[in-house]
Amino acid sequence: MSYFPIDRPMHLAQRANKLRGVHLAIVDENKDGDGNPGYRVKVKFPWLNDQEKTYWARIAVPMAGKDRGTYFLPEKDDQLLVVFEHGDVDRPIVIGAAWSKKQEWPEVNESAKNQTKMIKSRCGHRVIFDDKDGAEKVTVVDKTKKNKIVLDPVNKLIKIECDGDIEIKAAANVILHAKTLKMGTKDKLTMKSKQFLMHAKSSFGFKAGGDITVSGSQCTINVNNAPAAQVSGSGTGELGAVATEKAKDQVKEKQAAAGAAGGGAAGGAAGGAGGPAAGGSGGGSGGSSGGGGPA
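Numbering that gives the first Met the number 0 numbers the first residue of the sequence shown as 0 and each following residue consecutively.
For the record, the hints were derived by calculation from the structure and aren't laboratory data.
All of these numbers come straight from a predicted model, not from anything done at the bench.
Possibly wrong hints are sitting among the right ones.
Claimed, not checked - Here are the simulated lysine-lysine pairs, BS3-like style, with alpha carbons at most 27 Å apart: (1) Lys147 <-> Lys131; (2) Lys185 <-> Lys145; (3) Lys178 <-> Lys191; (4) Lys41 <-> Lys65; (5) Lys155 <-> Lys116; (6) Lys75 <-> Lys43; (7) Lys181 <-> Lys145; (8) Lys158 <-> Lys142; (9) Lys191 <-> Lys144; (10) Lys142 <-> Lys168; (11) Lys178 <-> Lys158; (12) Lys206 <-> Lys147; (13) Lys145 <-> Lys200; (14) Lys101 <-> Lys136; (15) Lys142 <-> Lys155; (16) Lys131 <-> Lys144; (17) Lys142 <-> Lys131; (18) Lys200 <-> Lys158; (19) Lys178 <-> Lys119; (20) Lys191 <-> Lys168; (21) Lys181 <-> Lys155; (22) Lys30 <-> Lys101; (23) Lys136 <-> Lys147; (24) Lys178 <-> Lys168; (25) Lys131 <-> Lys116; (26) Lys43 <-> Lys116.
Please model the entire structure based on the sequences and the hints provided.
Okay, structure coming up:
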């Protein structure tokens, strides 16, 4: 690879024979105004005699296609690595970038293990890949460092932190599946819907340190497989007319069913015991009456 000190000018004859390698360039402008927005930058070569002349350079990227690909446009004053198509100085192609003392790297390899990889934007947004043994994770964090997403495979955890609001919006369904689902707030929990349904296969409880208020145009409480419904409290409780009458009806139905079952059993027992006794008594009476006939 041909190498020239970046600050040392090179004569035209020497340049013509040495444009086959990789050369350093500085970004002079990154807004293409010649009808090719977004994929070229204007560069200058400090090692040329004419350091004021600039050239539009295309950018090589890992993937490029119609309305797709990777997009990382170099910033002004970035130091780039450039090659020339067929050695033509007027047809440069950017193949990479290099840090310098003026533009230092965002992360320092403090050990020989090279455990951190990073993508960092100009304002400070970062995607961090931590490969430390036993503490591997992927972090996406904004410039404030207060809003982040952490993928933690070691602890089987996905963590989302936000300094403000978190909004989840779907045109169809939002479905949550978990062994245990916990929700907690420091202030207030509000749920609002056209229809609200809650179902528990076993027990279902409400508990409050203060008041519990249930209101609606109609309130129905159905108690199955129990002879009565019970409402208790340390203070005063009140049920409205509709709820009271419905509860009374349910209790009466249970009591009537229990009474009918008990009455049938008692009647059957009485009939079975009284039949022979009554017959014997009748026979005795008849015999006595017959004996007195002739007399």
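Hint check:
A C-alpha spacing of about 19 Å is found between Lys147 and Lys131, which places the hinted pair at or below 27 Å, so the restraint holds. Between Lys185 and Lys145 the CA atoms are separated by roughly 19 Å; this keeps the pair inside 27 Å, and the hint holds. Among the hinted pairs, Lys178 with Lys191 is consistent with the structure: their alpha-carbon atoms are about 25 Å apart, no more than 27 Å. For the suggested pair Lys41 and Lys65, the alpha carbons sit about 23 Å apart, so the restraint of at most 27 Å is met.
With a CA separation close to 21 Å, the supplied pair Lys155 and Lys116 stays within the 27 Å bound. Distance restraint check for Lys75 and Lys43: the Cα-Cα separation of roughly 11 Å lies within the 27 Å cut-off, and the hinted pair is therefore satisfied. Between Lys181 and Lys145 the alpha-carbon distance is near 23 Å, which keeps this suggested pair within the 27 Å criterion. For the proposed pair Lys158 and Lys142, the alpha carbon gap of about 18 Å is at most 27 Å, so the pair holds.
With a C-alpha separation of about 33 Å, the suggested pair Lys191 and Lys144 falls outside the 27 Å cut-off, and the hint is violated. The suggested pairing of Lys142 with Lys168 holds, with an alpha-carbon distance near 24 Å, which does not exceed 27 Å. Annotation: proposed proximity of Lys178 to Lys158 holds, straight-line Cα distance about 17 Å (limit 27 Å). At roughly 34 Å between alpha-carbon atoms, Lys206 and Lys147 are farther apart than 27 Å, so this suggested pair is violated.
Of the pairs offered as hints, the one joining Lys145 and Lys200 is violated, with about 40 Å between alpha carbons and a cut-off of 27 Å exceeded. Note on Lys101 and Lys136: the hinted pairing is violated, with a Cα-Cα distance of about 31 Å set against a maximum of 27 Å. As the CA atoms of Lys142 and Lys155 are separated by approximately 26 Å, the hinted pair is consistent with the 27 Å bound. Only pairs whose Cα atoms come within 27 Å are accepted, and Lys131 paired with Lys144 is accepted, the gap being roughly 21 Å.
Using a Cα cut-off of 27 Å, the hinted pair Lys142 and Lys131 holds, with the two alpha carbons roughly 23 Å apart. A threshold of 27 Å between alpha carbons decides the hint, and for Lys200 with Lys158 the separation of about 30 Å lies outside it, so the pair is violated. With a C-alpha separation of about 37 Å, the suggested pair Lys178 and Lys119 falls outside the 27 Å cut-off, and the hint is violated. Between Lys191 and Lys168 the alpha-carbon distance is near 15 Å, which keeps this suggested pair within the 27 Å criterion.
Taken as a hint, the Lys181 and Lys155 pair is honoured in the structure, with Cα atoms around 17 Å apart against an allowance of 27 Å. Simply put, Lys30 and Lys101 have alpha-carbon atoms about 23 Å apart, close enough for the 27 Å limit, and the pair holds. Restraint check: the Cα-Cα separation between Lys136 and Lys147 comes to about 13 Å, which is no more than 27 Å; the hinted pair holds. The straight-line distance between the Cα atoms of Lys178 and Lys168 is roughly 24 Å, inside the 27 Å bound, and the hint therefore holds.
A C-alpha spacing of about 11 Å is found between Lys131 and Lys116, which places the hinted pair at or below 27 Å, so the restraint holds. A C-alpha spacing of about 30 Å is found between Lys43 and Lys116, which places the hinted pair above 27 Å, so the restraint is violated.
Of the hints listed earlier, those the structure fails to meet are numbers 9, 12, 13, 14, 18, 19, 26, in rising order.
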